[in-house]
Amino acid sequence: MIRKIRDISRKYALWVDYIFYLIFSPFKFKKFPINIKKILVVEDLSIGDILVVVPTLRALKAKFGAQIDIKVSPNMKEVAESLPYVNKIITNFDIDKDYDLGIILHSGSFKNSYNLLRNKVKYRIGCTKVGVLTPKGFFLNKKIMPNTKEQHKIEDNLDVIRPIKVDTQNKSLEIITDKEIDKKIISLFKQNKLNKFKVVIHPGANYKSHEWVPERYIKVIQFLIDNYDASIIITGSNKDKNILEYILKQFNNPILDLCGKTNIKEFFSIIKNSDLVISVDTSAMHIAAAFNKPIIAIFGDGYPKMWYPYTENKVILFKDYSTKNIYEEDVIEAIQKLIKK
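Under the numbering used here, the very last position in the sequence shown is 341; numbers go up by exactly one each time.
Hints in this document: simulated from the structure, not taken from any laboratory.
Incorrect hints may have been included.
Taking CB as the label site, the calculated pair distances span [unchecked claim]:
id	residue 1	residue 2	range
1	303	12	14 to 24 Å
2	12	81	52 to 62 Å
3	337	213	37 to 47 Å
4	249	322	20 to 30 Å
5	45	238	20 to 30 Å
6	214	179	33 to 43 Å
7	169	226	39 to 49 Å
8	336	97	35 to 45 Å
9	213	91	36 to 46 Å
10	118	222	50 to 60 Å
Pairs of lysine to aspartate or glutamate residues, derived as DMTMM-like cross-links and limited to a Cα-Cα distance of at most 20 Å, are as follows [claimed, not checked]:
id	residue 1	residue 2
11	149	301
12	324	301
13	337	226
14	319	150
We treat Cβ as the ideally placed atom computed from N, Cα and C, and that holds for glycine.
All chains should be built: construct the whole structure from the sequences, respecting the hints.
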């Protein structure tokens, strides 16, 4: 019930804000520039949000053939370095004053739209999906009409550029990996004598409501070892140590523990060189999708319609907004289904 009230409140707030923009903004009358040579895309959120920007970047490059720069948070610079179609990565708004087009994907805030205006971006377009009461992109020349239907985030991003007649049918993800890092990870796998069938297990999540039951991971891992002679690779950050150490203690078999031992570019390469990924609702599933790796995505109190891994090579597990409703048998069935493919 709380979730429904929150979602309905957000929808009404978006429409109120949009109507306010239509009535009061003096910026909406500007015409779209004829020549687009330099574009700035703003995406201020986290790993998964940045990875699903790729279809939008691809569409912009195909339409305009322009230089495309991307503004991200400072701690997301390494992620952005692995994106295709990007010429330059920016981590603050000390930018050149010669951008023809500024596109805000997130957040469509008052501040971000003002920063584009302040830096003399000629034409500014952006989203409205941010917060409930947060002031939104008042200084935009084209503010996207609120879309209250639940759709994939890739579609949300493309909706921002569709009004300027830019779209794409190719909505696949891409990640560029470093060749030297690829060699390093392959060498690490060989040193640890991993078998041919390598499975990445990524239990950690940013939210407790996204975490799965540790005892069920243990049963799934044992199934993979017993039935497929799988080599298990555990990944995560230092904050996931407690749950991962608990899982690892249950096994005599050597499991490759990479929790907190890799950077994001190494993590990309680990998934690229694996054969199956099992993850909760976090960036690992989008990384797997980018490499078309079989992925089992376990969803709790999230939005699977908006954030599922964008690939055919997937199984989504989602039951009544709680990971506790997903059992090891569900994951084992998903493994068997994907391996048959």
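Outcome of the hint check:
Range check, residue 303 to residue 12: Cβ separation about 19 Å, and the 14 to 24 Å hint holds. As the Cβ distance of residue 12 to residue 81 is approximately 39 Å, the hint placing it in 52 to 62 Å is violated. Under the hint 37 to 47 Å, the C-beta atoms of residue 337 and residue 213, about 21 Å apart, miss the expected range. The supplied range of 20 to 30 Å is met by residue 249 and residue 322, whose beta-carbon atoms lie about 26 Å from each other.
Between residue 45 and residue 238 the beta carbon distance is about 21 Å. The supplied range of 20 to 30 Å therefore holds. For residue 214 and residue 179, the Cβ-Cβ distance of about 36 Å falls inside the hinted range of 33 to 43 Å, so the restraint holds. As the Cβ distance of residue 169 to residue 226 is approximately 43 Å, the hint placing it in 39 to 49 Å holds. Between residue 336 and residue 97, the C-beta spacing of about 57 Å breaks the proposed range 35 to 45 Å.
Range check, residue 213 to residue 91: about 38 Å between beta-carbon atoms, so the 36 to 46 Å window is met. A hinted range of 50 to 60 Å for the beta carbons of residue 118 and residue 222 is consistent with their spacing of about 57 Å. Of the pairs offered as hints, the one joining residue 149 and residue 301 holds, with about 18 Å between alpha carbons and a cut-off of 20 Å not exceeded. Between residue 324 and residue 301 the alpha-carbon distance is near 10 Å, which keeps this suggested pair within the 20 Å criterion.
For the hint pairing residue 337 with residue 226, the CA-to-CA distance comes to about 17 Å; that is within 20 Å, so the pair holds. Between the alpha carbons of residue 319 and residue 150 the distance comes to roughly 17 Å, so the proposed pair stays at or under 20 Å and holds.
Hints 2, 3 and 8 from the list above are not met by this structure, while the remaining hints are.
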